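Chains as they are written, first to last, in our numbering: chain A, 1 to 413; chain B, 1001 to 1410.
What the hints contain is simulated information worked out from the structure, not anything from laboratory work. All of these numbers come straight from a predicted model, not from anything done at the bench. Don't be surprised by glycine CBs; every beta carbon is placed ideally from N, CA and C. Be a bit skeptical, because a hint or two may be false.
Said to hold, decoys possible - Listed next, the stretches of chain B that the computed footprint assigns to chain A, with coverage defined by at least 3 CB atoms under 8 Å from CB atoms of chain A:
{"hint": "1", "stretch": "1060-1069"}
{"hint": "2", "stretch": "1183-1194"}
What the hints assert, rightly or not - Selected chain B positions facing chain A (Cβ under 7 Å, derived; list incomplete):
{"hint": "3", "residue": "R1206"}
{"hint": "4", "residue": "V1217"}
{"hint": "5", "residue": "F1347"}
{"hint": "6", "residue": "K1358"}
{"hint": "7", "residue": "R1360"}
Said to hold, decoys possible - One-sided excerpt, in silico: chain B residues whose CB lies under 7 Å from chain A:
{"hint": "8", "residue": "P1056"}
{"hint": "9", "residue": "A1214"}
{"hint": "10", "residue": "R1334"}
{"hint": "11", "residue": "K1367"}
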Amino acid sequence: MASTTKPPKHQGPLAGIKVADFGWAVAGPLATKMLAVHGATVVKVETNNRLDGTRVGPPFRGKPSRNASAYYSDINPGKLSVTIDLNKAAGVALARRLCLWSDVVNENFSAGTMARWRLAYKDLAKDKPSIVMLSSSMQGATGPHAGHPGIGATLGALVGINHFVGWPDAEPVGVARPYTDTIAPWFGVISILAALEHRDRTGKGQHIDLSQYEATMHMITPALLDYTVNGRVQSRVGNLSPVAAPHGSYSCLGDSPQGDWIAIAVDNEPQWLGFKQALASESGIHADRFQTALGRVNGATELNALVESWTSRHTPEEAVDLLQAQGVPAAIVANGRHLHTDPQLNYLGFLTEVDHPRIGPHHVTHPSFHLSETPAEIGKSALIGEHTPYVLKDLLELSDTEFEELETQGVLQ
Amino acid sequence: MIPTTLSPHSLLDGIRIIEYGRNIAAPFASKLLADLGAEVIKVEPVAGDPSRSLGPFQDDSPNPETSAQFTYLNSNKRGVTLNLDRRSGQSLLRSLLQETDVFLENAEPGDMEARDLSYSILSEINPHLVVTSVRPFGLTGPYHDLVGSDLISWHASALGHRYLGEPNREPLRSGGYFASYYAAVNAAAATLIALHARKLTGRGQRVDISVADALAVGILGYGLVGLYHELGLSNRRPGNTQRLGVPAAMLPCRDGYVFIFASESYMWDGLVKAMGEPEWAQSEIFRGHYRDRSPYGAEIYNMMRDWLNHTGKDDIFQSCQENRVPSTAVYNMREVLENTHLRERGFFLASSHPITGKSRQPGAPYKLGSTLSTIRQAAPTLGQHNEEIFCGRLGLDTSALAGLRRAGII
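Isolated chain A, as found in the complex (with noise of 0.2 Å):
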């Protein structure tokens, strides 16, 4: 092993705080990340024997291995990496250890895992009453669907997202993207942070089960009212809203090869004015039917049209200023090039430059939000299993015989 590597001191404002990270992939690892990046102690369990679904994910630099992923080190950045063989038995008494030392465990293994190894939040309560755990799971652990497999991506089938994005002429596009995955983190950092308040106050810890399917529903509120009220199914509508119009994307001039367009949306009167200013040029625009919000509404498909001959003239920047100078909701439709040349999202740091001995410097992002007086710190990736010296010796304390001995018996793997 190589020699005991100490991380650098981050004072942020979550120091002090030391979690037992056993999250996997994506959803468990995010939580912990907005622990890590505010300056709490994250200790993440791994094994060489079965690696983190992010080692092997690209993009790689240079040939893929377990510690050039660049995936691996915008999940997990400034957290601690140690190597341990849960399928030994000291291997899970060390799990046990390391637990039993943290306030806060994290896991996201299918339903029984933790059971199985005595580290479920019952077996580790009854030695620290004080401890949080958050157990992240596809349905929660408790209910019909429990244990069911899934993953993020349909997930969101599942949640009834999928159904009603696309088209009402067509059939549902879906989300092409697990984005479940970074829905649930959050609700996990809130849970865990009213838990140790509670825990300070009490001295009580707590068992939190999240469900990412109820996380993401969260995100569908109006729908899902729209039935509990009146009954009503929600269906595909492109990008229109019930309520006002213009509202979408509409194709702009430019030669990018998906093309170019803007969003606009006309939410109220005052914005209703200002457009038919910018757009005066067009004649219809000025037809009585559109003058009021439900006449717009009702005459979206012809409104779009007339909105999109005006926008295919200019250039998605000279369509937003000549929108924004009159008050009206526009915005560049975003494409991965304006993410990393975006002034705007330059400006606020979103992505951080950080340095790898594997990686070489690359980009992590940020987390979206700005503390003024005690910000994020970013601190690099952990090669696997670097800190396990630095966290067994100097954190858990054990002893340099305890040490070798776990590592003649192969279990730091």
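Based on these hints, arrange chain B on the given structure of chain A.
Below, chain B without anything else, positioned relative to chain A:
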């Protein structure tokens, strides 16, 4: 009098929040914290939060006290009214903020500064105050004063362009007010981090949330930007397939659509069983990881048609799940809400409203211990707690309150 039930869980007991929120972002953020036990006082303009006219309304009949979105977003809060365009209104808010932990707001860009309610003024009044501000493009930077909207934030994040839609049609968005709900969850999490920071620093701070950034970073950041930057890949809206392998697509079946996904070997083997072990699927060339099946995509999807055309989506869902294939039916809202799993999880909370009567609302997506959360208090009617707060807490007498009302301050 609306009946109240004590919540068994008050993780955030003792934390006091004042919310000046419109529509979704700030109100949902403070709701998440109210549901965990924080005390939230919602300050509305005299005409009320615009979401009171947002609906859905029962029988599509608008009423500022019955908008389902308003009553959902603002349960477990007290409500007062204040005219922040008037100096006395601004002054009353500043008095309230002296004795609170968090100010959560999503005003229009520039409004708070114009009303002498900027962060620098508020932090002088109360150095312990955490001020969380949600704006379409954040508080600073080249776009910060642009007028926004949920659709705009969505598309500014590149989510539509990169991922949603067909290659030859316009970029799409997800339904509802996704961007705002997503930013709200960010805001609640960030607020809790700032509150924790206060234990170390003894001071409050400003928390800056940009709705467009929340989406861009949260959903796209790692996949898109890393790929683009490292490998120079260009964007292609993939339509309804994931293009990472086969099968990974939404496909029509007998009575609707299903999303079939089988990346690993064992998933493919399970899918073959779920399909009833048709001969074509037993071919060795199809076994293995879904990237290896990519060259045979058209063929495989074609051969699957027979099974799909003859099988209903619920049966497909079930047989896939039984064979450990992470595939699912595409459900509409009725199907989602009527399923027993969510009901048994206690996802829906019973709510009772003085005008619309009984209904149900989504509960928190996390279960804390074995206790289910409850709605302690229905959303406030407009100005419902004006007397309790302005007289009870700030010490105004009732005739002063009446004066404020006459003058249009509350």
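Verification of the supplied hints:
Counting residues of the stretch 1060-1069 of chain B whose C-beta sits closer than 8 Å to any C-beta of chain A gives 3, which meets the bar of three, so the coverage hint holds. Judged by the Cβ-Cβ criterion of 8 Å, the stretch 1183-1194 of chain B is covered by chain A as claimed, because 9 of its residues qualify and three suffice. Residue-level restraint check for R1206 of chain B holds (minimum Cβ-Cβ distance to chain A is 4 Å; threshold 7 Å). Hint on V1217 of chain B holds. Least Cβ distance to chain A is approximately 4 Å, under the 7 Å limit.
Using the Cβ-Cβ criterion of 7 Å, the hint placing F1347 of chain B at the interface with chain A is satisfied: the shortest such distance is roughly 6 Å. Among the interface hints, the one on K1358 of chain B is violated; its C-beta lies about 11 Å from the nearest C-beta in chain A, farther than the 7 Å criterion. With a cut of 7 Å, the hint placing R1360 of chain B at the interface with chain A holds, because the nearest CB-to-CB distance is about 6 Å. Checking P1056 of chain B against chain A by beta carbon gives a least distance of about 4 Å; that is within 7 Å, so the hint holds.
Annotation: A1214 of chain B was flagged as interfacial toward chain A, and the flag holds, the nearest CB pair being 4 Å apart, inside 7 Å. The criterion of a C-beta within 7 Å of any C-beta in chain A is met by R1334 of chain B, whose closest approach is roughly 5 Å, and the hint holds. Among the interface hints, the one on K1367 of chain B holds; its C-beta lies about 4 Å from the nearest C-beta in chain A, closer than the 7 Å criterion.
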